Amino acid sequence: MVQVRGSVAELQQFMTASLLPTNSNSLELSGPNKTQPDSIQLLYNLAKLEEINTSSIHADIVADLSIPIDCVVYEPARNQPRMVAKYTPGGREKRFVGVEWKTYHRELSRNASGQLELDISPTALQQSAQLANLLASPKSEDFCAPHCSGYVLEKDNQERTSRLGWDFQMPDSTDDASAPLSLHWLFTRVPQPPLSDKVTIASKLATSLMYLHSVKWLHKAIRSDNIVFYWDGTRTNLEQPILAGFEYAHHDAHDISERSDPNPVWDIYRWPSIQDEAPTTVHSQKIFNIYSLGIVLMEILFWKPLDTLLELPDLSTVTLFRSKEIRDDLIWMLE
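Per the UniProt record's numbering, numbering through the sequence shown is continuous, rising by one, with the last residue being 335.
Note that these hints are calculated values from the structure, not bench results. Just so it is clear, the structure is predicted and the values come from calculations on it, not from any experiment. Careful: at least some of the hints might be erroneous.
Claimed, not checked - Result set (DSBU-like, lysine-lysine): computed pairs, CA atoms no more than 35 angstroms apart in a straight line:
#, residue 1, residue 2
1, 94, 286
2, 198, 286
3, 198, 324
4, 155, 304
5, 324, 286
6, 304, 86
7, 86, 198
8, 102, 304
9, 216, 155
10, 216, 304
11, 86, 216
12, 155, 198
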């Protein structure tokens, strides 16, 4: 994949990020520094962000960003992976947050008192805390990633499941009716935008993935349904795409990769060799993310969702054999 950057010099600056010193006394995450170019400041912040996240991955304890469930008010619709909720931290004035959910089956384990109980696994909680810390860290706007306020744990005793919900800050103008709109939704409801808007969206998404990979995080669910836009009060702001759907993201240091459950509707965005596989088999790779982004860039180019491009009327009936042919179909379309 060709990364869209402003100049060769900027790419050279980016490549030096891995060479920057990152000990705690040499770097501080900060806002814009008037004495040096923004690109250089970004490199220092990237290096420091990588240090923070690498430290948290190998530490037994990370910052506690858990939020009491009674501080978040929402409609208990368990079939919605993404929703808008009201957040009242510490009894203060409410504000709206976007919540992304992930469901876990509870496991039988011993608690701190040595008693057996059904609960979410400690590994899942640890990874959730690491993800929250990554998304709560100061980042450049070029990441195009939401800022995380923390996460909540919801238990369903009847279903013997638990859900983890990551709470993301939303624009100040957001109200309870201003749920983010996905790129997949916009393809079929918004007229095709000018080429300049398409280039802006594509460039920002490519840059976002480059920065995410630079701090050794893998997204693993890049598709147009997980790219969202907010209503700015008068229109949908196409210049500010947000990469969402981080529930299966993880640091590249993890030995085992957790995949989303096989789903023919979203499997078509995945690298052919890993479609319809069990969630915990093979370590994920950056190339899988890049392939998924490439499909999204094609959707942006034609301003059509993938199923329309390939004339697939019902994705739920697509066979695994047909799904694995999609890569060849897309290459043929570009020839």
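Status of each hint after checking the structure:
Under the criterion of a C-alpha separation no larger than 35 angstroms, the hint pairing residue 94 with residue 286 is inconsistent with the structure, at around 38 angstroms. For the given pair, residue 198 sits about 24 angstroms from residue 286 by alpha-carbon distance, which is consistent with the 35 angstroms threshold. Distance check on the hinted pair: residue 198 and residue 324 sit about 27 angstroms apart at the alpha-carbon level, within 35 angstroms; holds. Under the criterion of a C-alpha separation no larger than 35 angstroms, the hint pairing residue 155 with residue 304 is inconsistent with the structure, at around 38 angstroms.
Proposed proximity of residue 324 and residue 286 is supported: the alpha carbons are some 19 angstroms apart, at most 35 angstroms. Simply put, residue 304 and residue 86 have alpha-carbon atoms about 33 angstroms apart, close enough for the 35 angstroms limit, and the pair holds. As the CA atoms of residue 86 and residue 198 are separated by approximately 33 angstroms, the hinted pair is consistent with the 35 angstroms bound. In summary, the hint linking residue 102 to residue 304 is supported, as the alpha carbons are separated by about 28 angstroms, within the 35 angstroms threshold.
The suggested pairing of residue 216 with residue 155 holds, with an alpha-carbon distance near 31 angstroms, which does not exceed 35 angstroms. For a cut-off of 35 angstroms, the pair hint linking residue 216 to residue 304 stands: about 31 angstroms separates their Cα positions. Between the alpha carbons of residue 86 and residue 216 the distance comes to roughly 32 angstroms, so the proposed pair stays at or under 35 angstroms and holds. Between residue 155 and residue 198 the alpha-carbon distance is near 41 angstroms, which puts this suggested pair outside the 35 angstroms criterion.
Checked against the numbered hints given earlier, this structure breaks hints 1, 4, 12; the rest are met.
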